[in-house]
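Participant: Given chain V, work out where chain D should sit, using these hints.
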Amino acid sequence: GENVEQHPSTLSVQEGDSAVIKCTYSDSASNYFPWYKQELGKRPQLIIDIRSNVGEKKDQRIAVTLNKTAKHFSLHITETQPEDSAVYFCAASWGGADGLTFGKGTHLIIQP
Amino acid sequence: EAQVTQNPRYLITVTGKKLTVTCSQNMNHEYMSWYRQDPGLGLRQIYYSMNVEVTDKGDVPEGYKVSRKEKRNFPLILESPSPNQTSLYFCASSREQGFYEQYFGPGTRLTVT
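Going down the list, the protein sequences come from chains V and D.
Under this note's numbering, the first residue of the first sequence is numbered 4, with each subsequent residue one higher.
Under this note's numbering, the first residue of the second sequence is numbered 590, with each subsequent residue one higher.
The following block holds chain D by itself, in its conformation from the complex:
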C-alpha cells in the first residue's frame, strides 16, 4: 500500500530536550515537505527536499532541521524545542516538485511544556 508514515503520532516533551520526528514514504517520490498546522494559520511549510541531499527552507524554518540521506526518509529535528513549537506536524511527499498531488502522513501532535 502506497503511504507516508510518521512517528511518533503523539509526543509530549519538555523545553530543550532534542527530538526527532521520522517520516518515510514508499512511493519512490523525489519531493518531500514538512508542514506545521496551527489553528487559524493553515498549513505552513517548514522545510522541503527536492531529492537526496537537497533541502531548503520553507516559510517557517526557525528552530528546525532536516536531512535527506535516503530517498524514502525525511526526518524533522528539533534540537532545542520551545513551547511555541507546540503544533500538529505533517510530512508530505509528491512524485516531483510542481504540479503533482501531495500525499500527507497521518500527522504528529507535539506538545512542548
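So here's chain V without its partners, still in its complex pose:
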C-alpha cells in the first residue's frame, strides 16, 4: 500500500518568515494530495489540496507544489502568523476505497 513520509516532524520559524513542509509518497498511482491543519485540541481540517494534473496551487499565503516524477509534494506558508501554529498533515490517495494515507505530521511553531 501507499506510504507517506513527512519532514520535518517539528519546525520552528520566526513570525513573518516562511515555512516549508515536505512529503514523499511511494505509490506512483496516487494522484490526490491534500493538506490538513490541526490546531491544538481541535479536529483536522483541509486547508489546500492538489491533483496530479497541476504542479502548483496557491491560496493566499499558502501554496502546495507537486513533483510527480520525484514523488514528492510540499506545503509553503509565507509571512507566517501566530495562528499558523498547528500540526500539519500531508496525505495521498489514488482514489481507491481505502481513501487517504497520512504522513505523521509536522508541528509548526511560530516564534514571536
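A portion of the hints provided could be inaccurate.
[Stated by the list, open to error] Distance condition first, Cα-Cα at most 25 angstroms in a straight line; then the derived DMTMM-like pairs of lysine to aspartate or glutamate:
no.	chain 1	residue 1	chain 2	residue 2
1	V	Lys40	D	Glu642
2	V	Lys25	D	Asp627
3	V	Lys61	V	Glu8
Keep in mind the hints are simulated off the structure, nothing from the lab.
Facilitator: Just chain D, lined up with the frame of chain V:
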C-alpha cells in the same frame, strides 16, 4: 449546519469492558472512516465504509469492529478494549471515496486502564 458528531468525547474505561463510540454525519456522505491518532504516528485508518452495509479494514483494524446500517451512522465498537487502544479517535466523512474533502468529527479521547 453540516457536521460530523462523535460521542462520547472523553471516556475512561477498564480492560475488557465493551464500548461503542458513535459517529453521525448530516451531509448525506457515502464514505466514512475511523482513524486513531497517536503521538508521532499521525492518523492511521482503522476501518472505512463506502456505503450502507459496505465496510472494510484499514491499516490498524485489530481489536475493532464497525457497522454501517444507516448512511448517517458509523459506530466504532471495541469488544474487549486493551490499554494499547488508549488513543484519540476521529470519525470522518466525505461525499464519496477518492478526491473529496474529509470532514472530521471532534474526536474521542479514550483511556483504557
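Participant: Mind checking the alpha carbons of Lys61 of chain V and Glu8 of chain V for me, to see if they're no more than 25 angstroms apart?
Facilitator: Given pair Lys61 of chain V, Glu8 of chain V holds - Cα atoms ~22 angstroms apart, limit 25 angstroms.
Participant: Does Lys40 of chain V pair with Glu642 of chain D here, judged by a C-alpha cut-off of 25 angstroms?
Facilitator: violated, 31 angstroms
Participant: Going straight from one Cα to the other, do Lys25 of chain V and Asp627 of chain D come out at no more than 25 angstroms?
Facilitator: At roughly 21 angstroms apart (the allowed maximum being 25 angstroms), Asp627 of chain D and Lys25 of chain V satisfy the hint.
Taken one by one, the earlier hints fail for this structure only at number 1.
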